[in-house]
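Which chain is which? The protein sequence lines are A and B, in order.
Here the first sequence is numbered in full-length UniProt numbering, starting from 1 and rising by one per residue.
Here the second sequence is numbered in full-length UniProt numbering, starting from 1 and rising by one per residue.
None of these hints come from the bench; they were simulated from the model.
A hint or two may mislead.
A pair counts as met if it fits within one copy or between any two copies, since identical chains are not told apart.
Claimed, not checked - Quick list of in silico lysine-lysine cross-link-like pairs, DSSO-like style, CA-CA up to 27 angstroms:
| id | residue 1 | residue 2 |
| --- | --- | --- |
| 1 | Lys79 | Lys26 |
| 2 | Lys79 | Lys99 |
| 3 | Lys26 | Lys13 |
| 4 | Lys4 | Lys49 |
| 5 | Lys49 | Lys26 |
| 6 | Lys154 | Lys32 |
| 7 | Lys42 | Lys4 |
| 8 | Lys13 | Lys154 |
| 9 | Lys32 | Lys49 |
| 10 | Lys42 | Lys26 |
| 11 | Lys49 | Lys99 |
| 12 | Lys42 | Lys32 |
This one's a predicted model, so the numbers in the text were calculated from it and none came from an experiment.
Protein chains: 2
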Amino acid sequence: MDVKEFFELSAGKWFSHRTSHHLAFKQSEDGKSDITIEMLAKDDPEVIKLCQQYEVDPALANCGARVNWNGTMEWDEEKHTGSTVLVTVPDTDNPSQGKLLREMGYAEKTPVAGSYVMGDDGALTLTTEYETMSSEERLWFPSPNLRMRVSVLKRFGGFSMASFTSEIRMGGLKPTAETSSQTTAS
Amino acid sequence: MDVKEFFELSAGKWFSHRTSHHLAFKQSEDGKSDITIEMLAKDDPEVIKLCQQYEVDPALANCGARVNWNGTMEWDEEKHTGSTVLVTVPDTDNPSQGKLLREMGYAEKTPVAGSYVMGDDGALTLTTEYETMSSEERLWFPSPNLRMRVSVLKRFGGFSMASFTSEIRMGGLKPTAETSSQTTAS
Numbered sequence: 001m002d003v004k005e006f007f008e009l010s011a012g013k014w015f016s017h018r019t020s021h022h023l024a025f026k027q028s029e030d031g032k033s034d035i036t037i038e039m040l041a042k043d044d045p046e047v048i049k050l051c052q053q054y055e056v057d058p059a060l061a062n063c064g065a066r067v068n069w070n071g072t073m074e075w076d077e078e079k080h081t082g083s084t085v086l087v088t089v090p091d092t093d094n095p096s097q098g099k100l101l102r103e104m105g106y107a108e109k110t111p112v113a114g115s116y117v118m119g120d121d122g123a124l125t126l127t128t129e130y131e132t133m134s135s136e137e138r139l140w141f142p143s144p145n146l147r148m149r150v151s152v153l154k155r156f157g158g159f160s161m162a163s164f165t166s167e168i169r170m171g172g173l174k175p176t177a178e179t180s181s182q183t184t185a186s
Numbered sequence: 001m002d003v004k005e006f007f008e009l010s011a012g013k014w015f016s017h018r019t020s021h022h023l024a025f026k027q028s029e030d031g032k033s034d035i036t037i038e039m040l041a042k043d044d045p046e047v048i049k050l051c052q053q054y055e056v057d058p059a060l061a062n063c064g065a066r067v068n069w070n071g072t073m074e075w076d077e078e079k080h081t082g083s084t085v086l087v088t089v090p091d092t093d094n095p096s097q098g099k100l101l102r103e104m105g106y107a108e109k110t111p112v113a114g115s116y117v118m119g120d121d122g123a124l125t126l127t128t129e130y131e132t133m134s135s136e137e138r139l140w141f142p143s144p145n146l147r148m149r150v151s152v153l154k155r156f157g158g159f160s161m162a163s164f165t166s167e168i169r170m171g172g173l174k175p176t177a178e179t180s181s182q183t184t185a186s
């Protein structure tokens, strides 16, 4: 599986259940979201715009997606809704790894490019280094309708949080043939 | 890292925090345990006894450990304490994988040998096939003092539960030199 196939398999609606372990406090926090992931063409205006923000030649991008979420966290009562755009830019000498561009959130002042590595085992690893912290997330599919993620957050050199997310595809089983081609849908 | 080094790095006392996602019910359940893992020599009577129960030549075993736990689950108030012995028996043609023998619990009538695969990425994967279910668990070390595990349980062909466990070594940082040799301790 290459990163584009991973994105294609991720496309759709998911029920996402995240549990974060706050390591220093030995406490956990649950969050539940409905997530929609939509593939974007390489020449989609949103993909081109994001590349330009990061000063990356849009012709080098190989994959884009828009992610929408709508959920609640356990520790507050507020609704968490949001949306972001992701774009992958493979290394020219090794397309199984490269840069991950992400639309900036409210809290970020400058764009921070992460990196991705698509493993031989079908797991995608995303790493982002911020000024005082870094995050590493591993995503994989136990089955086409079950996606899992584990992430660890390091602050000032020490691990502060570990999160686990199980994501179930909504709308029942997705036929296997659909996972690699959208043209088979009737 | 080979499986023996993985067991050696696992030896010690751990605070273990497990969250299980019951996929069909979209519910999670927390459990917390203190765990002690103690390496056993290949010729330890407990290792030899377990091999004999599984009708495996004890000379083929390369690694043994005793695991003790003492914890509580969120959904009942009972104390969960227990102990088991694990023994790895590598395949003769490929020592990075093999059988995993485990002392039987109360609920099991016949010994069920699992299998292990030690990955190039330092993660240990354990698979056990029961009559009506199967479990796969992946264990790895983000750092020598932080161990993580993700397991999925399949019943009658469908995924029923996913669990995430973060484990923090108790008693503070372990010097790196100790992880590969016990002789450096003063």
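Results for each hint:
1. Lys79 with Lys26: Both: 25 angstroms inside a copy, 18 angstroms across copies.
2. Lys79 with Lys99: neither (31 angstroms within a copy, 48 angstroms between copies)
3. Lys26 with Lys13: Between copies, since 16 angstroms is at most 27 angstroms while 32 angstroms is not.
4. Lys4 with Lys49: within (19 angstroms within a copy, 51 angstroms between copies)
5. Lys49 with Lys26: neither (42 angstroms within a copy, 37 angstroms between copies)
6. Lys154 with Lys32: both (23 angstroms within a copy, 22 angstroms between copies)
7. Lys42 with Lys4: Cα proximity of Lys42 and Lys4: one copy only (11 angstroms, versus 47 angstroms across).
8. Lys13 with Lys154: Result: close only across copies, 23 angstroms inter versus 30 angstroms intra.
9. Lys32 with Lys49: neither (30 angstroms within a copy, 47 angstroms between copies)
10. Lys42 with Lys26: Result: close neither inside a copy nor across copies, 43 angstroms intra and 35 angstroms inter.
11. Lys49 with Lys99: Result: close within a single copy only, 16 angstroms intra versus 53 angstroms inter.
12. Lys42 with Lys32: neither (30 angstroms within a copy, 46 angstroms between copies)
Figure legend: structure checked against the earlier numbered hints; hints not met, in rising order: 2, 5, 9, 10 and 12.
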